[in-house]
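*Asks:* Chains as they are written, first to last, in my numbering: chain Z, 1 to 126; chain P, 127 to 473.
In case anyone wonders, no lab produced these hints; they're calculated from the structure. Hints should not be assumed to be uniformly reliable.
Claimed, not checked - One-sided and incomplete, this derived list gives chain Z residues near chain P with beta-carbon spacing under 10 Å:
no.	residue
1	L9
2	G19
3	V54
4	K114
5	N118
What the hints assert, rightly or not - Label pairs and their calculated CB-CB ranges:
no.	chain 1	residue 1	chain 2	residue 2	range
6	P	K459	Z	E125	26 to 34 Å
7	Z	E125	P	A368	44 to 52 Å
8	P	M441	Z	E27	33 to 41 Å
9	Z	P70	P	K382	50 to 58 Å
10	Z	D68	P	A295	26 to 34 Å
Unchecked claim - Derived coverage of chain P by chain Z (criterion: at least 3 residues anywhere in the stretch with Cβ under 8 Å from a Cβ of chain Z; other residues may be distant):
no.	segment
11	196–206
12	302–312
13	315–328
Since we're looking at a predicted model, the values are computed, not measured. We put the beta carbon where it would ideally sit given N, CA and C, even for glycine.
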Amino acid sequence: MRLMTHNMLSCNIKGVTNGFPLKIEAEKVIEKEVDFNPDFLRHMFAKIEWKDLVEAARSLGYAELPEDSPDATVIESAADESLLKKLHHALLELHLEEGALVCPETGRKFPVNKGIPNMLLHEDEA
Amino acid sequence: MKATLAPSSLISLPRHKVSSLRSPSLLLQSQRPSSALMTTTTASRGSVAVTAAATSSVEALREGIAEFYNETSGLWEEIWGDHMHHGFYDPDSSVQLSDSGHREAQIRMIEESLRFAGVTEEEKKIKRVVDVGCGIGGSSRYIASKFGAECIGITLSPVQAKRANDLAAAQSLSHKVSFQVADALEQPFEDGIFDLVWSMESGEHMPDKAKFVKELVRVAAPGGRIIIVTWCHRNLSPGEEALQPWEQNLLDRICKTFYLPAWCSTSDYVDLLQSLSLQDIKCADWSENVAPFWPAVIRTALTWKGLVSLLRSGMKSIKGALTMPLMIEGYKKGVIKFGIITCQKPL
Chain Z
1 MRLMTHNMLS
11 CNIKGVTNGF
21 PLKIEAEKVI
31 EKEVDFNPDF
41 LRHMFAKIEW
51 KDLVEAARSL
61 GYAELPEDSP
71 DATVIESAAD
81 ESLLKKLHHA
91 LLELHLEEGA
101 LVCPETGRKF
111 PVNKGIPNML
121 LHEDEA
Chain P
127 MKATLAPSSL
137 ISLPRHKVSS
147 LRSPSLLLQS
157 QRPSSALMTT
167 TTASRGSVAV
177 TAAATSSVEA
187 LREGIAEFYN
197 ETSGLWEEIW
207 GDHMHHGFYD
217 PDSSVQLSDS
227 GHREAQIRMI
237 EESLRFAGVT
247 EEEKKIKRVV
257 DVGCGIGGSS
267 RYIASKFGAE
277 CIGITLSPVQ
287 AKRANDLAAA
297 QSLSHKVSFQ
307 VADALEQPFE
317 DGIFDLVWSM
327 ESGEHMPDKA
337 KFVKELVRVA
347 APGGRIIIVT
357 WCHRNLSPGE
367 EALQPWEQNL
377 LDRICKTFYL
387 PAWCSTSDYV
397 DLLQSLSLQD
407 IKCADWSENV
417 APFWPAVIRT
427 ALTWKGLVSL
437 LRSGMKSIKG
447 ALTMPLMIEG
457 YKKGVIKFGI
467 ITCQKPL
């Protein structure tokens, strides 16, 4: 599971109002190289929850992202790609292979096996 | 392609009680819920209230669907490629067995669906897409490539999710698409995050159509489009309460092998979307455009390669194959319809 995906997943157990973002318990993290595509990153930037991404990246052992969200103009400008490369690495190249996603409100753990999160709810949670 | 129903003519569609789709005690919206649902286990709590038993049945259905696709997905992919949906054909065309015609038709189905929904004109606005009931991700990969968008797919089958991710990696699309195991009736997403909500031939598996549609609408962004392409039964005529017994019987037999809950009609979907105040609701009957599909699948299954693969794949696949003539019968007799329903969420 990449952090781009994690940035969208939330816990939908009945009654939970604060199911996002899911905390990460990392047991196995791998890095997979992905071609750098700055246009795609710029296209997606507006949709990313920055602070959540920073924290999630830290859970996976990557602390290079700045705390505060960069200005959109910084991302748009062609000049400095170093920030974009860090974003690229955090968002697309770090993979949680084994571990769990934890609901911030209930503590319920959603397992991640072979890189695939299982978000199915139990009968009594729906 | 059959004519689109213009908005004004939607009012004249035969309507039956929408409330039956939303009442918990009629969870399956069927005259005979037990026959329409494949239950492999009895409710574990002895004598229970209707809703509790229905919930256990839903669990059983969910497991059944997951197992069915865990077991049959590989066979499907081997014979028909990575798109697990009907091809779109010009009416009365004949489909070649071994050429790539069926793949082209499957891609045409995606393109025609997008066009019908009016999506193609809005390419730049599509940033995030959800593929509800994604199979092994054929639609997701195609749409993500087409729009340069991020696509996330959900399926009940861990085998399919893994295969979908592997195929994405092989096609260098891992940065754009990802797949997880999740329930379309409880989508693990915040409200309003998807510019396009895509459900290609998965609606027929949903036991609670109202809940299914509500979830599609919930995760759609304001201004986002929802596209549902699904197997339905024919619209009921005014005053008609239910399908004829022989029609219901035909569907029941199909339900058992394909792990389908009760069917609904295209106009049921339209009613649901109208009740949720969606706008620009359109629907069409594409039954004629998919008619060549099942005979072509059967012909493929009857080749040596097809038979060997089928036998290796297990009982669920074999039963599925034996049920295919029922699909043809259903289409021929006008009981089964291939419907598309699209709409836009208000800003």
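*Asks:* Any of the earlier hints contradicted here, and which numbers?
*Replies:* 3, 6, 7 and 11
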